[in-house]
Amino acid sequence: MIKTVNLTKIYHLGDSAITAVNNVNLIVEKGSFVSIVGPSGAGKTTLLNLIGLIDKPSSGKIFLDGIDTSFLSERERREIRLRKIGFIFQTFNLFPQLTALENVELPMALMGVPLHKQRKKAVELLRKVGLGDKADRLPRWLSAGEMRRVTIARALANDPQLILADEPTGELDSETGSKIIDLLRFLHKEKNITFIVATHDEKIAGISEKTYWMRNGKLEA
Amino acid sequence: MCLRNLRRRRLRTLLCACGIALSIAFLVGVSAAISRTTAIIREMNFFFEDEIIVAAKDTFVIQGFPIGGTIPERVKEELKEIAGVKDVISMLFILELKAGEISRVFPANVTVGIPLDKIFQIFPPAFLKIEGNLPSNPYKDVLVGKSIADQYNLFVGSTIHFKGKKLTVTGIMRGPSILLSRSIIASLKLVQEIQRYDGQINMAIVKLNSNVDAKEVSEEIEEKINYVMALTESERNELTHPILEELSFWNYGTKLFMLIMSGMLVATMEIMNISESRRDFATLIAIGAPRTSILKMILAETSLIGVLGGFLGLLLGSVAAVFLASFYTSIPAIFFLQDFFNLVPPNLITEALTLAVFICILSGIIPALFALKINVSEALRSEY
Chain S
247 MIKTVNLTKI
257 YHLGDSAITA
267 VNNVNLIVEK
277 GSFVSIVGPS
287 GAGKTTLLNL
297 IGLIDKPSSG
307 KIFLDGIDTS
317 FLSERERREI
327 RLRKIGFIFQ
337 TFNLFPQLTA
347 LENVELPMAL
357 MGVPLHKQRK
367 KAVELLRKVG
377 LGDKADRLPR
387 WLSAGEMRRV
397 TIARALANDP
407 QLILADEPTG
417 ELDSETGSKI
427 IDLLRFLHKE
437 KNITFIVATH
447 DEKIAGISEK
457 TYWMRNGKLE
467 A
Chain C
4 MCLRNLRRRR
14 LRTLLCACGI
24 ALSIAFLVGV
34 SAAISRTTAI
44 IREMNFFFED
54 EIIVAAKDTF
64 VIQGFPIGGT
74 IPERVKEELK
84 EIAGVKDVIS
94 MLFILELKAG
104 EISRVFPANV
114 TVGIPLDKIF
124 QIFPPAFLKI
134 EGNLPSNPYK
144 DVLVGKSIAD
154 QYNLFVGSTI
164 HFKGKKLTVT
174 GIMRGPSILL
184 SRSIIASLKL
194 VQEIQRYDGQ
204 INMAIVKLNS
214 NVDAKEVSEE
224 IEEKINYVMA
234 LTESERNELT
244 HPILEELSFW
254 NYGTKLFMLI
264 MSGMLVATME
274 IMNISESRRD
284 FATLIAIGAP
294 RTSILKMILA
304 ETSLIGVLGG
314 FLGLLLGSVA
324 AVFLASFYTS
334 IPAIFFLQDF
344 FNLVPPNLIT
354 EALTLAVFIC
364 ILSGIIPALF
374 ALKINVSEAL
384 RSEY
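Chains as they are written, first to last, in our numbering: chain S, 247 to 467; chain C, 4 to 387.
You may find that some hints are simply not true.
Claimed, not checked - Quick look at which bits of chain C chain S covers, simulated, 3 or more residues with Cβ under 8 angstroms:
| hint | segment |
| --- | --- |
| 1 | 6-17 |
| 2 | 375-383 |
Claimed, not checked - Simulated crosslink set (BS3-like; lysine-lysine; CA at most 27 angstroms straight-line):
| hint | chain 1 | residue 1 | chain 2 | residue 2 |
| --- | --- | --- | --- | --- |
| 3 | S | 330 | S | 302 |
| 4 | C | 79 | C | 143 |
| 5 | S | 307 | S | 330 |
| 6 | C | 169 | C | 121 |
| 7 | S | 302 | C | 299 |
| 8 | C | 83 | C | 210 |
| 9 | C | 227 | C | 121 |
| 10 | S | 363 | C | 299 |
| 11 | C | 79 | C | 210 |
| 12 | S | 435 | S | 366 |
| 13 | C | 166 | C | 143 |
| 14 | S | 307 | C | 376 |
| 15 | S | 363 | S | 435 |
| 16 | C | 227 | S | 330 |
| 17 | S | 330 | C | 299 |
| 18 | C | 376 | S | 302 |
| 19 | S | 302 | S | 374 |
| 20 | S | 363 | S | 437 |
Hints in this document: simulated from the structure, not taken from any laboratory.
Yeah, the Cβ is synthetic: ideal placement off N, Cα and C, and Gly gets one too.
Excised from the complex, chain C in its bound form (with noise of 0.2 angstroms):
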């Protein structure tokens, strides 16, 4: 009976369920960018976990990565020399954020500069699955995130062709990580050579004995280097922790918005379809059908619009999140479809129905239980 009414009122089920996976597609669109930004910043901390992180004085610094500001290479001395430093390893960790030949080569793009040596000691094996080769020659050897590897049809033993320097990719980056999928992975000299920061580089991470108190050697490191900043992972966190709000903020805000949105939709069309359905409610109540039946049809009702409109909008949704992953990173979007779960995660749409349903049955309860007080006999007398 339900799904007969809903037919029967075809054109306004229709633009409430259209209302309603709008609403879910903007808030499947916005958590999609919002959850994909939160986890690379998460992911950056990730891989210095108990490490102190050393830039250079004022930089801003997002997670375990610094935007801007350098230090000489030999800081990794300096910084050896202090108690309970195990060892320091010098990085250079640039984000290609610029219009140009680099974008245009590497949209947006992470170009990470490491002692070859080095490289499993950041990034754990967990994180980084290597199809190929690291990379042995320091002048012309480089790793490649499966991200832009697909997108430029590269492979193992490809020859790319970066600032003026020919270089050869020896493995590609399969692992999990949103933020080595993106990325480019060389010898510091290398990278130092191609982007200009000879003798520079713009973060070390300091490795730790054991039993040591990180705060204490950061405080040290801060006090015996004038020009560097030395931050422990709690102290990242903490930097980073009113953007995360922010976007938290932004996140669970849209959200509310638009169920708002979605909810007073879906009332006014229950009020309208209650109001015109008086004559039928009082009808089933006089053949002896319970009140509460009026009041489960309702739901129903309500419900299936809700679950119409979730799964509209997870589609348009999903195709939002794409174009605009793809129209903000200069990513074909061919390449978010391949991946297309990191983008739009199982929980995300898992989510978007729950809600799409939950505040669809939430806004037919208040019209319900107006329906449920029905005076029957005036209404068996009312036109409709």
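Isolated chain S (complex conformation) (with noise of 0.2 angstroms):
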């Protein structure tokens, strides 16, 4: 179960403050589906940094199964990161000298998996993506819906408990978009991940079991 309390946000530009997050609670029961939709700006990506451990609040708590990550150290937030928690960016940020494979090895790696293992489940993500046959490619040889197709997989690669897919349809058509909205409810309900969702898609936010809407920082059930 992930809860945040009073988590704010402030971010300081020369003598002005913005409060990206503003006083947010939110809870998300293990194993649902969330989506937070809001216009560009409203400060989800910020919070999803926050619950991710990305980012370091102003001011608030966050408890990642009832652990307060206020108390933990960089290292701690760096194992939580990379054993428990799924990234999904919005700017698909894959290394462009790493194959798809190897992009979808890479958390592996990191987690000391040895290689043949690594290379096993890389093609068997892949494959369930739907890009079994070009996973030799450089993400500068894949399309759009196919880039976010391997951000998938990665994120899946150490059998996450969370994923925070941050506009996981943007930058994509929308009948690109609708298969990449089919994939997360499938992988969503075959592996029962909790998924926390920013998007303006309100396609996504159909599938959600529940949407908060995001303003100036404000979330709203």
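Two independent chains are provided; combine them into the complex using the hints.
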């Protein structure tokens, strides 16, 4: 279970302060599919970064499976990111010098999984997302939809308990977007992973068990 | 991943490696020339350890050997009368520096005239390994250094014409000495005749009795024979010290300059690479890589560039060293290739490679430390 208590993130730009996340209280049950919908600049990405322990809050707390993350060291936060959380970034963030297969293998390599096991699992994941025949391609030889599929496969590599997806259908045409939504729904059902998806795509909101609206850093159910 | 990064930016990597290669090539070329010169200078004194060298007053002396200036051969008798002197060996040592007939026949060589029965007293057998025989006929026999013999295809028994004189090669000197490899040794009489130094020598080697203070004897020599100077080993070292020090200064100065240039080049390239890879680094950290892995990755990248640049530079530098040596001595390059490790010693090769890698790692540290401080959430949002 994920719980945030009075979560706030303020960015300071010179003399001015911008409250990207304002007093957010959120509870996400294990295995649920939650959408956070809102316009650009609403604070969705910042909220995901806070929950994903990439960023630290200005105030408030985040509990992951009952653990208060504010007391965790940098190393412990990294371990949680590596072992428990899968990230689907808004801008793909694939490593351009690595093939699709190697991109998927990377989180496993960081975990110290033996190479032959990495390869086997990466091939399996790429096949699952429909890219079994494009494993050896560099990202620049993949379409936007295919790159998104690779990021999804990479997010699944370490069998995470939580997947944080930031605009997973962004930059995709509606048909490809629909396929990605179907894939996320399928993975959620198959693996019982908790999904928190930031989006402004109403189709995703449609398949979510719970949808929150975010405006000016504030979260509304 | 490092290799892929370098391959991805292959033009930049190649240019950077070429820059380092040029620095290392320059470093190797200059060091090889300087270390060869230094080795020859040091070797000069090696032959006359614990002995006093007597030369004409105010002559320029490099270690054991005077450049210019003559003294009459009869000085030998005067020297023998001085207390503490055990033996005196007269010698003509002529560096062939002039262009013309001589340098066409024996370019950049050394002609040594010495009483034939004293050869091994001056040049110990460990240095003077002779293929053939010592000269027996003082009017036509000569010993020739291996470098000269190889260059002119001379063998034991070959005849050479030198200044209208027909000479016979009785032996080839095949020792480790750079100096002797470019020398012709003949009887003092013969060299005096060929070089037109009738009754003249330019140095006398004074061997001392045991338990005699060399300094005191040298002072006595200068007092009693007013047209000579007598130099002990330490005095000769003092004379040469500034030359060696200056050579060393230029050697280290050049190295430092080239290494700083290389370092700046690598640092600039790495700063560019890092600024282009900010989002990649942020992604790595976000998915759980330790920040130190970024440091390792950057340092591995720069050290790979160092290895690449080092090997390229070594190759270019070796070629440059061979051609420089060939150009300045008029000896065909092929002869330096045969004796390559004398020109570019293994310790210079090791030093050049180590320095290339070290300076590249060092130059990568500061950009890497900046990369470690990356703000992950901000970098994830950036374009690159």
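Structure-based check of all given hints:
Coverage of a stretch by a chain is defined here by at least three residues with a beta carbon nearer than 8 angstroms to that chain's beta carbons; for the segment 6-17 of chain C and chain S the count is 4, and the condition holds. Note: the segment 375-383 of chain C has 3 residues with beta-carbon separation from chain S under 8 angstroms; the three-residue rule is met and the coverage holds. Annotation: proposed proximity of residue 330 of chain S to residue 302 of chain S holds, straight-line Cα distance about 18 angstroms (limit 27 angstroms). Straight-line distance between C-alpha atoms of residue 79 of chain C and residue 143 of chain C comes to about 24 angstroms, which keeps the hinted pair within the 27 angstroms bound.
Straight-line distance between C-alpha atoms of residue 307 of chain S and residue 330 of chain S comes to about 18 angstroms, which keeps the hinted pair within the 27 angstroms bound. With a C-alpha separation of about 24 angstroms, the suggested pairing of residue 169 of chain C with residue 121 of chain C holds against the 27 angstroms cut-off. Taking the CA atoms of residue 302 of chain S and residue 299 of chain C, the gap is about 25 angstroms. The hint holds against a cut of 27 angstroms. Proposed proximity of residue 83 of chain C and residue 210 of chain C is supported: the alpha carbons are some 10 angstroms apart, at most 27 angstroms.
Annotation: proposed proximity of residue 227 of chain C to residue 121 of chain C holds, straight-line Cα distance about 26 angstroms (limit 27 angstroms). At most 27 angstroms may separate the alpha-carbon atoms for a hinted pair to count; residue 363 of chain S and residue 299 of chain C meet this at roughly 25 angstroms. Note on residue 79 of chain C and residue 210 of chain C: the hinted pairing holds, with a Cα-Cα distance of about 12 angstroms set against a maximum of 27 angstroms. Under the criterion of a C-alpha separation no larger than 27 angstroms, the hint pairing residue 435 of chain S with residue 366 of chain S is consistent with the structure, at around 23 angstroms.
At most 27 angstroms may separate the alpha-carbon atoms for a hinted pair to count; residue 166 of chain C and residue 143 of chain C meet this at roughly 12 angstroms. Under the criterion of a C-alpha separation no larger than 27 angstroms, the hint pairing residue 307 of chain S with residue 376 of chain C is consistent with the structure, at around 24 angstroms. Restraint check: the Cα-Cα separation between residue 363 of chain S and residue 435 of chain S comes to about 25 angstroms, which is no more than 27 angstroms; the hinted pair holds. Taking the CA atoms of residue 227 of chain C and residue 330 of chain S, the gap is about 97 angstroms. The hint is violated against a cut of 27 angstroms.
For the proposed pair residue 330 of chain S and residue 299 of chain C, the alpha carbon gap of about 25 angstroms is at most 27 angstroms, so the pair holds. The suggested pairing of residue 376 of chain C with residue 302 of chain S holds, with an alpha-carbon distance near 15 angstroms, which does not exceed 27 angstroms. Between residue 302 of chain S and residue 374 of chain S the CA atoms are separated by roughly 34 angstroms; this puts the pair beyond 27 angstroms, and the hint is violated. With a C-alpha separation of about 19 angstroms, the suggested pair residue 363 of chain S and residue 437 of chain S falls inside the 27 angstroms cut-off, and the hint holds.
Violation of the numbered hints given earlier is confined to hints 16 and 19; the remaining hints are satisfied by the structure.
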